[in-house]
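Asker: Chains as they are written, first to last, in the UniProt record's numbering: chain F, 1 to 424; chain P, 1 to 424.
It is possible that some hints are incorrect.
Remember, identical chains collapse to one label, so a pair may be satisfied in a single copy or spanning two.
Taking lysine to any residue pairs in the SDA-like style, the calculated list, with each CA pair at most 25 angstroms apart, reads [as the list claims (entries may be wrong)]:
{"id": "1", "residue 1": "K152", "residue 2": "N186"}
{"id": "2", "residue 1": "K353", "residue 2": "P254"}
{"id": "3", "residue 1": "K405", "residue 2": "Q337"}
{"id": "4", "residue 1": "K152", "residue 2": "G119"}
{"id": "5", "residue 1": "K300", "residue 2": "R204"}
Source of the hints: derived by calculation from the structure; they are not laboratory data. Note that the coordinates shown come from a computational prediction; the quantities given were computed from them, not determined experimentally.
Number of protein chains: 2
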Amino acid sequence: MMLQVIALCQAPFLLDDPNVGLVFPADTIARAKHYLSLTSGGLGAYSDSRGIPGIRKEVAEFIERRDGYPSDPELIFLTDGASKGVMQILNAIIRSDRDGILVPVPQYPLYSATISLLGGSLVPYYLEETANWGLDIVNLRQSVAQARSQGKTVRAMVIINPGNPTGQCLSEANLKEVLKFCYENNLVLLGDEVYQQNIYQDERPFISARKVLMDMGGPISKELQLVSFHTVSKGYWGECGQRGGYFEMTNVSPKTVEEIYKVASISLSPNVPGQIFLGLMVSPPKPGDISYERFVRESKGVLESLRRRAQIMTDGFNSCRNVVCNFTEGAMYSFPQIRLPPKAIEAAKKAGKVPDVFYCLKLLEATGISTVPGSGFGQKDGVFHLRTTILPAEEDMPAIMASFKKFNDDFMEQYEDYRGYSRM
Amino acid sequence: MMLQVIALCQAPFLLDDPNVGLVFPADTIARAKHYLSLTSGGLGAYSDSRGIPGIRKEVAEFIERRDGYPSDPELIFLTDGASKGVMQILNAIIRSDRDGILVPVPQYPLYSATISLLGGSLVPYYLEETANWGLDIVNLRQSVAQARSQGKTVRAMVIINPGNPTGQCLSEANLKEVLKFCYENNLVLLGDEVYQQNIYQDERPFISARKVLMDMGGPISKELQLVSFHTVSKGYWGECGQRGGYFEMTNVSPKTVEEIYKVASISLSPNVPGQIFLGLMVSPPKPGDISYERFVRESKGVLESLRRRAQIMTDGFNSCRNVVCNFTEGAMYSFPQIRLPPKAIEAAKKAGKVPDVFYCLKLLEATGISTVPGSGFGQKDGVFHLRTTILPAEEDMPAIMASFKKFNDDFMEQYEDYRGYSRM
Chain F
1 MMLQVIALCQ
11 APFLLDDPNV
21 GLVFPADTIA
31 RAKHYLSLTS
41 GGLGAYSDSR
51 GIPGIRKEVA
61 EFIERRDGYP
71 SDPELIFLTD
81 GASKGVMQIL
91 NAIIRSDRDG
101 ILVPVPQYPL
111 YSATISLLGG
121 SLVPYYLEET
131 ANWGLDIVNL
141 RQSVAQARSQ
151 GKTVRAMVII
161 NPGNPTGQCL
171 SEANLKEVLK
181 FCYENNLVLL
191 GDEVYQQNIY
201 QDERPFISAR
211 KVLMDMGGPI
221 SKELQLVSFH
231 TVSKGYWGEC
241 GQRGGYFEMT
251 NVSPKTVEEI
261 YKVASISLSP
271 NVPGQIFLGL
281 MVSPPKPGDI
291 SYERFVRESK
301 GVLESLRRRA
311 QIMTDGFNSC
321 RNVVCNFTEG
331 AMYSFPQIRL
341 PPKAIEAAKK
351 AGKVPDVFYC
361 LKLLEATGIS
371 TVPGSGFGQK
381 DGVFHLRTTI
391 LPAEEDMPAI
401 MASFKKFNDD
411 FMEQYEDYRG
421 YSRM
Chain P
1 MMLQVIALCQ
11 APFLLDDPNV
21 GLVFPADTIA
31 RAKHYLSLTS
41 GGLGAYSDSR
51 GIPGIRKEVA
61 EFIERRDGYP
71 SDPELIFLTD
81 GASKGVMQIL
91 NAIIRSDRDG
101 ILVPVPQYPL
111 YSATISLLGG
121 SLVPYYLEET
131 ANWGLDIVNL
141 RQSVAQARSQ
151 GKTVRAMVII
161 NPGNPTGQCL
171 SEANLKEVLK
181 FCYENNLVLL
191 GDEVYQQNIY
201 QDERPFISAR
211 KVLMDMGGPI
221 SKELQLVSFH
231 TVSKGYWGEC
241 GQRGGYFEMT
251 NVSPKTVEEI
261 YKVASISLSP
271 NVPGQIFLGL
281 MVSPPKPGDI
291 SYERFVRESK
301 GVLESLRRRA
311 QIMTDGFNSC
321 RNVVCNFTEG
331 AMYSFPQIRL
341 PPKAIEAAKK
351 AGKVPDVFYC
361 LKLLEATGIS
371 TVPGSGFGQK
381 DGVFHLRTTI
391 LPAEEDMPAI
401 MASFKKFNDD
411 FMEQYEDYRG
421 YSRM
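Here chain F stands alone, though its shape is the one from the complex (with noise of 0.2 angstroms):
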């Protein structure tokens, strides 16, 4: 239905086609009207540059919706995806390289490769791989303490939840914690939570940074700086191509957000049609709707099938020789710990690779499958990791798991030279 309602918007002269209702149903036809009642008649005209009022609406009422707390349209910016968010957003933060960001590792290189753009200083936190990655305090406030004595002003935190490539979901204790730190250290919390509706179990369901902060009341839920972000690139949509996101700003000074708004006008507006997506993906089809059931049974069918993939894929690298892997909680992704042996490490830097490039190569020459070091994550030192996608078809998924395992058992046969063994 979505693509449906962009696809009439984006020639509405078709609306006036006697044929239209052969080809479109009429709630489609409806929703595609009403979005065209937001805009001047079509998508081919600049919107504002944080993006059409009327949609800006509709996130804030989807927000409420989740988080039982109004929301302001006002401060609700749309953006070609929520990287160019993300990118918005440390531009106003970051001054120059004394001003630092907390940013967890592992992470996607979105924050790496933007703060070392805008000339910041990236603070790393280890994530505890023991811990399932969990969020540990401590680390965190060794971090700033590090940075600080290098000179440092930590401006700002990050945190990914659900978790890339990690795929945890926070506790709300964790999330409270996190809440606290960034008020007494007078940072601004970025809340990544792009893969929101990407929840693979039931202990720990999605609960927004807003959600905890407003619950915890008091100075805090009126102080603390938090944006948040969200996107049609994920979730059961995955409409990656048509950059459509948000941001939501919490205590931000008007200052401030008259400061991105101007920044934000450089390049005119976000693109019209990932607006619209924006639009269809915060208020789907409601109980009576003729779409209705067919969303919920498609919607449901492809998160119902991710969570059996994370499984099938977790459990599949468990099974093999030196491969240590945390379940997927959320997100999209696996990310185990490789053991390579001593020789692996040793073969690696004959071959001129760093090891964990080596190990992804030769699992891309024997198998076809191909993967992403955990390097270009972060990692500690020593520690080697890859990242996969849950994604490829449930169906393929365990003649996959069964081709990465022969390669994997070999090649740590291969290594292992306390078996004795030797292939030459």
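Given the structure of chain F, go ahead and fit chain P onto it with the hints provided.
Answerer: Chain P only, in chain F's frame:
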């Protein structure tokens, strides 16, 4: 047709609908299938960060047809509108506030805002209003000399052709001078050519900086670094909400191209619908296609009407007291000079307003006509302008200009005291 193709690409399953042929013509369906074959079957997946290879190839073919010289798709990057491309390139050029970029004055604020955001230095060169906003190489030399005397390294020059807000079209001879100047001074030339389809006279047809450079031959044509920009936002399409654009690099080193690619990758990919729009723009219907005649009729109709509107507007402004206006040779704007009497300047000062802002606000209040004060684009001290588009409907234009004339002439009467009027 463009919009129908996009509609089908957005919802590709419509192609399987038995009634699709009742709503969409056959060549539209064929084009949609073509673009879907260049993607992974829909617009919902990220593309290469440089844009879809098949569309970059179509852009290269368009450039070759236009200029008569081959173009390399590997040196063409698709962007979310031309503005984003300009920002990417300036980001690659500016290292610090000691790096200067030559920018025409008046100019639309993309360049001034981006240079300021990136921490570079804008080096202005004034366009000559009395020479129909021509570009004078003597001015250019003076600007560079002055910037150098202030310790700046001038690294690039921007030309906007046709001009925004000034509407002038650069002649081939003038472009040659500019290219030679850039070569002698080791400057990268940024050619903002987004209005290349919007030409309203026959004396100076659009000619791309790249064609002139290639025509020159010799070392300059192999060494001068040129980046040219284009978009779907202007021309007879005007699809600015779609955010589609490209830049083409000439004589830029592979290492630099690689770095620009890396930075582009941070935000993953330009929006895919905008890329398809660009493909459609650079490869419009051909003779023999079902939609060809309609395309020719409509695109010609739009441009001819714009040409008439440019004339009505220029003539209208020039019929007003104390207003002089160069003819809009190209682009979409009229930029009349308003000769404000000293008393009007005084009154503005009293009201706490910049004089041209004062005039434009009075105009808005009296007539509802919204214009942009010239000070937003930069101008010489004591000289005042306003910018307006030539886009109002042609049939409304005479009434708009009459309303403007009445306001302006009354305003001038009120503030020109040598005429002895005083209205209190």
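Asker: At most 25 angstroms between alpha carbons: which applies to K152 and G119, within, between, both or neither?
Answerer: both (13 angstroms within a copy, 21 angstroms between copies)
Asker: 25 angstroms Cα cut-off: does K405 pair with Q337 within a copy, between copies, both or neither?
Answerer: Close inside one copy (14 angstroms), not across copies (75 angstroms); limit 25 angstroms.
Asker: Checking an output row: K300 and R204, CA cutoff 25 angstroms. Within, between, both or neither?
Answerer: Within one copy only: 18 angstroms inside, 61 angstroms across.
Asker: 25 angstroms Cα cut-off: does K353 pair with P254 within a copy, between copies, both or neither?
Answerer: between (50 angstroms within a copy, 24 angstroms between copies)
Asker: First find the shortest C-alpha distance between K152 and N186 inside one copy, then the shortest across copies, and answer within, between, both or neither for a cut-off of 25 angstroms.
Answerer: Intra 14 angstroms, inter 38 angstroms, cutoff 25 angstroms: intra-copy only.
When each numbered hint is compared with the structure, no violation occurs for any of them.
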